[in-house]
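Engineer: If you want the building blocks of each chain, they are given just below.
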Amino acid sequence: MRSLYLLFIAVFCALVSCSDTNDEVVIGYVEGLSGPFANIGEVALRHLELEVEAVNRSGNLPGSVRMRILPFDNKTNPQEALLAFRAALDAGVDYVFQGNSSSVATALTDAIAKHNRRNPSNPVIFMNYAALDPALTNEHCEQSHFRFDADVNMKMAALTEYIAVREDIESVYLINQDYSYGQAVATSARSMLKQKRPDLRIAGDDLHPIGRIKDFSPYVAKIKSSGAQAIVTGNWGSDLTLLIKSARQMGVDIDFFTFNVGMTGGVSTIGEAGIERVYQITNWHANINEQTKNNANLYRSRYPDVFEDAYYGSVRRAVRMLEKAMIESDSTSPADVGRALKNMSLTDDTGLVSMREDNHQLLQPLFVSKLVRISAENGLIGVEDVGLGFETVAEIYAEKTRMPTTCQFE
Amino acid sequence: MSEILNKGRLVLWGGVAFLFLLLPFVFSGGFSLSMLSQMGIMVIFALSYNMLLGQTGLLSFGHAVYFGLGAFVTAHAINFVEAGAFGLPISFMPLVGGMTGLLFSLILGFVTTRRPGTPFAMISLGIAEMVAASALMFTTFFGGEGGIVTNRTAGEVILGISYGPQIQVYYLIAVWCFVSMGLMFAITRTPLGRIANAVRDNPERAQFIGYNPTRVRWIMMSLAGFFAGIAGALATINYEIITAEALGLMASGNVVLMAFIGGIGQFWGPMIGAVLVTLLQSALSNFTQAWLLYFGLLFLLIILFSPGGISNLITIHLPVWRAGAVKRLMPSYGFALLTGAITLIGVVGVIELLYRGFLFGGVHVAFTWIVSGLMISIGGFFLRRAIREVKQIWEDLSPELARWG
Amino acid sequence: MGLGDEMISKALSLVDVRKQFGRTKIINGVNLDIVNGERHALIGPNGAGKSTLFNLISGRFPLSSGSISLHGSEITNKEPQVINRLGLSRSFQITNIFPKLTVFENLRCSVFWALGYRYSFFRRVSALRDARESAEQTLAMIGLEDRREKMAGELTYAEQRALEIGITIASGANVILLDEPTAGMSRSETDAAVALISRVTEGKTLLMVEHDMGVVFNIADRISVLVYGEVVATGTPAEIRMNKKVQEAYLGTQLEGDEE
Amino acid sequence: MEFFFITLLNSLSYGLLLFMLSSGLTLIFSMMGVLNFAHASFYMLGAYFAYQTGLVFGFWPALFLAPILVGVVGALTERYGLRKVHKFGHVAELLFTFGLAYVIEEVVHLIWGRAPVDYRIPESLNFTLFTLFNTQYPAYRAFMMLVSVGMLISLFLVLTKTRIGMIVQASLTHPDMVQALGHNVPRVFMLVFAGGCALAGLAGVLGGNLFITEPGMAFAVGSIVFVVVVLGGMGSLVGAFIASLLIGAIQTFSVALDLSFLDLTAALGVVIDPDSKWYGGLSITISQTAPVLPYLLMVLMLIVRPRGLMGTRES
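Chains as they are written, first to last, in the working numbering: chain S, 8 to 417; chain W, 4 to 408; chain B, 46 to 305; chain F, 2 to 316.
Do not rely on the hints blindly, as some may be mistaken.
In silico lysine-lysine, BS3-like type, Cα no more than 27 angstroms apart, as pairs [unchecked claim]:
| # | chain 1 | residue 1 | chain 2 | residue 2 |
| --- | --- | --- | --- | --- |
| 1 | B | K195 | F | K162 |
| 2 | F | K88 | B | K145 |
| 3 | F | K88 | W | K394 |
| 4 | B | K195 | W | K394 |
| 5 | W | K394 | F | K162 |
| 6 | B | K145 | F | K162 |
| 7 | B | K145 | W | K394 |
| 8 | B | K195 | W | K10 |
| 9 | B | K290 | B | K55 |
| 10 | B | K70 | B | K145 |
Pulled from the structure, derived: some chain F residues nowhere near chain W, Cβ distances all over 12 angstroms [claimed, not checked]:
| # | residue |
| --- | --- |
| 11 | V57 |
| 12 | Y81 |
| 13 | T98 |
| 14 | V239 |
| 15 | A250 |
| 16 | L301 |
In case anyone wonders, no lab produced these hints; they're calculated from the structure. The beta carbon of each residue, even a glycine, is placed where N, CA and C say it ideally should be.
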């Protein structure tokens with residue numbers, strides 16, 4: 008009922024153009040809350056809520072102000088997102104959180120930057136916790152945009168560091184969704200593997216239309232006949248699940264290096280088919296150390312009835328850095344906070360994370376982890392209550408993921 | 004010079020212009036202004052769609068293709084202007100979109116308009132699928148996931164108009180919307196417009212009065228593509244970004260819903276639909292996550308009970324109004340409204356409970372369940388009676404109304 | 046151009062026209078000349094192929110073989126709209142109008158092409174005086190002035206039949222084909238229809254299919270009899286009445302036909 | 002060789018699944034003239050019903066129960082929805098099913114949530130049937146093929162050997178005549194609609210666990226089924242069968258073709274620089290376009306031969 012109340016306030020404010028009061032920082036959560044991707048939006052909203060509650064409990068913000076979340080539905084559509092952004096502005100939002108869908112993120116980055124240029128007295132900051140398009144911290148970078156997840160190239164750099172030491176893998180197969188994100192994964196995989204493992208054979212490089220393949224078995228047959236020992240894929244959602252299930256059904260014993268398997272519903276639909284075979288590259292998972300396990304349990308105890316488990320480490324980092332920036336700048340105004348965020352560092356549950364000044368990209372350790380069965384012996388925390396969890400197989404230091412940038416702030 | 008410039012119509016169009024002028028003063032918030040701009044764009048788009056469905060009888064599931072292509076080409080054109088490659092004021096950019104829409108609908112229309120009905124619907128769906136798929140694949144032109152970003156302030160500042168502030172963009176849209184509405188209305192009053200109606204009603208007979216139905220459909224489709232392109236260009240200017248979603252199947256489906264909910268039988272029906280649907284999508288979605296469900300249910304209800312859409316509901320009451328019989332309908336309408344509202348609240352209660360129950364789990368709301376259930380059953384029971392009563396009065400009235408036809 | 050008087054005086058000329066659907070032969074080599082300005086009736090028992098012949102002439106169906114010319118120019122297998130533009134207009138046995146247009150609009154649409162407005166989308170119909178006057182003239186002729194603004198689909202059957210004829214003649218085509226204009230009408234309605242037909246086809250060439258012999262003998266200058274896809278006789282009403290073959294094949298067995 | 006045989010088997014099983022989906026649509030389309038936009042939604046309902054009933058009764062009863070339940074939903078849809086809209090014409094009917102697809106998807110969200118549900122292949126069928134060269138062929142795929150062939154045969158028997166089947170069959174080609182003969186055509190319509198939906202439901206039961214059961218599954222197959230029906234020809238089950246296998250083959254085999262325009266230009270001696278503006282467009286391979294090919298085929302077919310491969314009527 009709480010979220011109903013929040014929604015009500017949001018709309019009410021949108022209609023009567025009320026402005027925020029001084030003792031509150033309004034965080035606009037502009038995310039897809041209806042339609043096919045609504046569940047992901049809900050999950051991240053709960054992460055955000057948990058962190059904001061923690062910040063408010065500690066009460067360290069200057070002038071003992073509190074953070075308040077206003078959710079806005081962007082329907083996972085760039086145009087609708089801009090409408091939602093207008094509504095958020097009317098409601099007095101100073102900080103916008105968004106992450107699912109790079110097309111929405113691009114639209115928002117651009118719209119917020121234009122808004123800030125046209126209304127310098129009332130700037131807004133965009134906290135991007137999951138949109139991975141490298142352009143956002145390169146050619147499309149903006150002063151007002153900060154990214155807290157690693158982008159596609161950084162993740163690929165980390166993943167290829169790991170593949171470089173896996174000498175048992177002699178050939179890999181690239182299969183990706185045919186749109187800019189999948190194409191970016193394929194391109195960076197090709198160039199980085201060539202550099203780090205010149206001996207490695209790329210047995211195939213397929214792009215398939217996104218969300219349209221029902222039966223992956225022809226792809227699997229092709230992969231099988233190529234003799235590859237591992238698959239590198241940026242696929243997400245059913246395109247990933249179907250690929251893995253199909254391979255296992257046909258008895259193709261092969262490693263999967265993925266970006267998004269831990270997303271809600273991923274593990275439970277892949278299930279046993281993925282044990283010991285599916286790897287992911289992320290900035291957070293539950294079984295990195297005792298602290299991350301604690302945080303995972305916190306999430307579970309705050310939301311005992313929900314289906315998913317903690318996933319978004321970057322939401323946590325975004326909120327914590329926002330808090331720290333407000334305390335350090337002794338202000339809650341986006342202009343000051345933005346300056347403080349620019350080169351901020353923070354020790355989080357996985358270690359030191361720091362914001363790059365030159366392109367507003369967070370540098371953080373990344374982890375390659377493997378899907379395993381959890382048991383009392385290994386003491387791992389499972390996800391989605393199916394007896395499976397992730398186990399770290401490699402940690403890639405933050406500096407290793409620093410990429411050259413073309414970003415030039417105006 | 005009689006028909007268009009007659010007094011009544013002049014007053015009506017003047018009123019519309021005045022309304023366009025006045026609206027931003029009433030709804031001045033940033034969100035309201037953006038929503039009004041969106042409505043203006045959708046009004047053009049829905050009206051252009053109705054040139055196909057309502058006026059020519061072509062059910063298209065791919066009209067957003069022309070909207071989207073117009074929008075993309077405009078985005079590139081604005082970027083060329085910014086780069087100094089050529090100079091066209093932003094105010095006239097919609098023409099670029101329009102010509103793009105026209106070009107593509109000329110090409111695609113040539114091969115698709117030979118048959119109306121289901122084959123046409125299927126071809127349009129197939130073409131829409133192909134265009135949408137290519138839009139994701141060809142990232143050079145369509146910009147990939149990020150789409151094409153533009154800057155509407157790229158042109159020179161003319162008369163203090165930079166198109167920086169939203170209000171200026173709103174008035175640009177308002178002007179184009181008004182002009183497009185006028186043109187599209189005028190087309191219905193031309194020989195082509197009338198023959199399009201004839202082809203819709205009876206394509207075979209049209210042949211025997213000298214017309215080639217395929218040619219008529221083709222021309223109408225091209226004109227519809229032109230106006231869809233204008234709408235697309237305005238969307239580019241308004242949002243300053245255009246992504247592949249704009250020409251996807253969802254966008255095409257959306258305009259079908261708009262036109263049909265508003266009513267395809269009257270020229271102004273789709274305008275109501277565009278305004279209402281935009282309002283529902285933007286406002287209702289802020290209230291509830293189940294807005295898509297309500298939206299779908301509304302659509303089904305309209306098809307089931309008023310296939311002429313909302314505009315038809317209004318039109319059938321005109322004779323009643325003229326006959327001065329509104330008073331006789333009032334009590335039963337009031338009764339139906341009351342019982343309908345009760346039922347609706349019950350249904351909304353159940354739906355919201357389900358959504359929330361599954362999202363946040365274990366909400367113990369037995370009381371709300373019972374109340375909602377009671378409201379549905381009691382409200383529904385009386386609603387049926389109310390509807391029967393309304394029907395009865397209509398039947399009683401019909402001989403009287405025939406005179407006022 | 047070498048066209049003799051003989052050719053010019055023929056409004057419509059059918060040479061060995063044949064049509065078969067699958068293996069079923071419907072029209073078996075019809076030769077028929079319709080003289081300019083005459084009123085010609087086509088009669089014959091059910092299934093003789095009268096309506097099919099109309100459909101062949103007006104371009105609705107393609108011919109299997111043979112040729113048809115209109116005022117000396119070839120129209121074989123041309124599209125219906127092309128034939129119509131050459132001055133041949135037809136009505137249908139089953140009412141074929143534009144149900145969601147008003148009566149007036151039905152008639153006005155029928156004159157646009159003939160007046161040269163084609164696919165124009167930059168002229169206002171209200172400004173087209175000639176179209177309006179022409180439509181109003183036809184409206185008066187078919188006697189539906191008081192139904193002017195009514196939806197054609199809401200008219201009574203007899204009114205729709207009148208409108209059907211109105212649409213057919215509105216464009217001023219000089220060869221008119223009427224397919225059973227009085228089918229399904231009462232006696233008095235039929236009389237009105239006959240009067241209407243005589244009035245509107247004044248000075249034009251008329252070819253009509255009709256079952257009602259009263260109507261046929263009342264209107265027609267000449268009559269052709271079609272039996273099993275062949276013309277067995279052509280002549281004046283008096284000649285046809287006397288013709289033995291016709292009496293055997295047609296009049297003797299079945300005078301009142303219903304539908305083909 | 003191994004690739005060829007495995008892909009052949011895969012294309013066959015995919016084609017048969019498509020046929021299960023499209024046979025129902027063809028029946029409905031040819032009899033009622035309604036292109037059921039919500040057909041794929043009934044496929045989805047089949048999967049979800051099977052998941053739900055499977056939780057209680059297990060997979061085998063669900064295999065029968067779920068299609069029946071979907072059929073009931075279909076019958077109700079026809080009785081209280083389509084039949085009322087019928088008098089407003091085909092466009093209204095089409096739009097009704099279009100709206101219904103929206104509503105069904107949202108209702109599925111409402112009941113089962115937006116994440117995929119864990120609908121699994123039953124243990125008794127989760128084994129490798131045989132190993133061809135060294136690729137395993139899962140038993141469940143074979144089972145699916147068996148069921149669809151069984152369905153094909155029983156559909157054939159029902160249509161040719163039973164009275165109701167005769168009426169349905171006659172209605173496929175001569176709907177007016179059947180009506181004239183005094184059959185209760187509305188009831189036949191309802192039965193056909195329910196039956197068509199049940200067939201889609203059966204496909205859902207079998208496809209839901211082989212692939213994935215989630216709210217997006219209807220959209221993923223929605224339009225491909227239309228392609229099958231249009232390609233095969235309206236009113237022709239045989240056509241639908243051929244088109245299903247054809248599309249199955251096209252989609253599976255084209256995956257293997259890595260040819261692109263670049264290869265063509267390379268063969269002509271022109272090498273395109275990867276940095277060139279045109280590289281992106283020209284480097285698209287046939288395998289990338291695989292899923293678009295059916296739509297291209299459909300559009301071409303509608304333009305060239307609108308009645309489809311085996312169809313008898315245009316619409």
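Engineer: Using Cβ atoms and 12 angstroms as the threshold, tell me whether L301 of chain F really stays out of contact range of chain W.
Structural biologist: 9 angstroms, violated
Engineer: Closest CB-CB distance from Y81 of chain F to chain W, is it above 12 angstroms?
Structural biologist: About 9 angstroms separates Y81 of chain F from the closest Cβ of chain W, which leaves it inside 12 angstroms; violated.
Engineer: Please work out if K70 of chain B and K145 of chain B have their alpha carbons no farther apart than 27 angstroms.
Structural biologist: 38 angstroms, violated
Engineer: Under the criterion that the straight-line Cα-Cα distance not exceed 27 angstroms, is the pair K195 of chain B, K394 of chain W satisfied?
Structural biologist: 24 angstroms, holds
Engineer: Checking a non-interface call: every C-beta of chain W should be farther than 12 angstroms from the C-beta of A250 of chain F. Is that right?
Structural biologist: Holds: least Cβ distance 19 angstroms, greater than 12 angstroms.
Engineer: Is it true that the CA of K290 of chain B sits at most 27 angstroms from the CA of K55 of chain B?
Structural biologist: Since the Cα atoms of K290 of chain B and K55 of chain B sit roughly 26 angstroms apart, the hinted pair holds (cutoff 27 angstroms).
Engineer: Does the structure keep K394 of chain W and K162 of chain F at a Cα separation of 27 angstroms or less?
Structural biologist: With a Cα-Cα distance of about 46 angstroms, the restraint between K394 of chain W and K162 of chain F is violated, given a limit of 27 angstroms.
Engineer: Just to be careful, I want the Cα atoms of K145 of chain B and K394 of chain W compared with a cutoff of 27 angstroms; is the pair within it?
Structural biologist: Status holds; Cα separation ~24 angstroms.
Engineer: Checking a non-interface call: every C-beta of chain W should be farther than 12 angstroms from the C-beta of T98 of chain F. Is that right?
Structural biologist: With a cut-off of 12 angstroms, T98 of chain F comes too close to chain W, as the shortest Cβ separation is near 10 angstroms.
Engineer: Has the given pair, K195 of chain B with K10 of chain W, been kept, meaning a C-alpha gap of at most 27 angstroms?
Structural biologist: 24 angstroms, holds
Engineer: Taking the closest pair, is the beta carbon of V57 of chain F still more than 12 angstroms from chain W?
Structural biologist: Given that every Cβ of chain W is farther than 12 angstroms from that of V57 of chain F, nearest at about 19 angstroms, it holds.
Engineer: Regarding the pair K88 of chain F and K394 of chain W, is the alpha-carbon distance no greater than 27 angstroms?
Structural biologist: Within the cut-off at roughly 18 angstroms; holds.
Against the hints set out earlier in the document, violations occur for numbers 1, 5, 6, 10, 12, 13 and 16.
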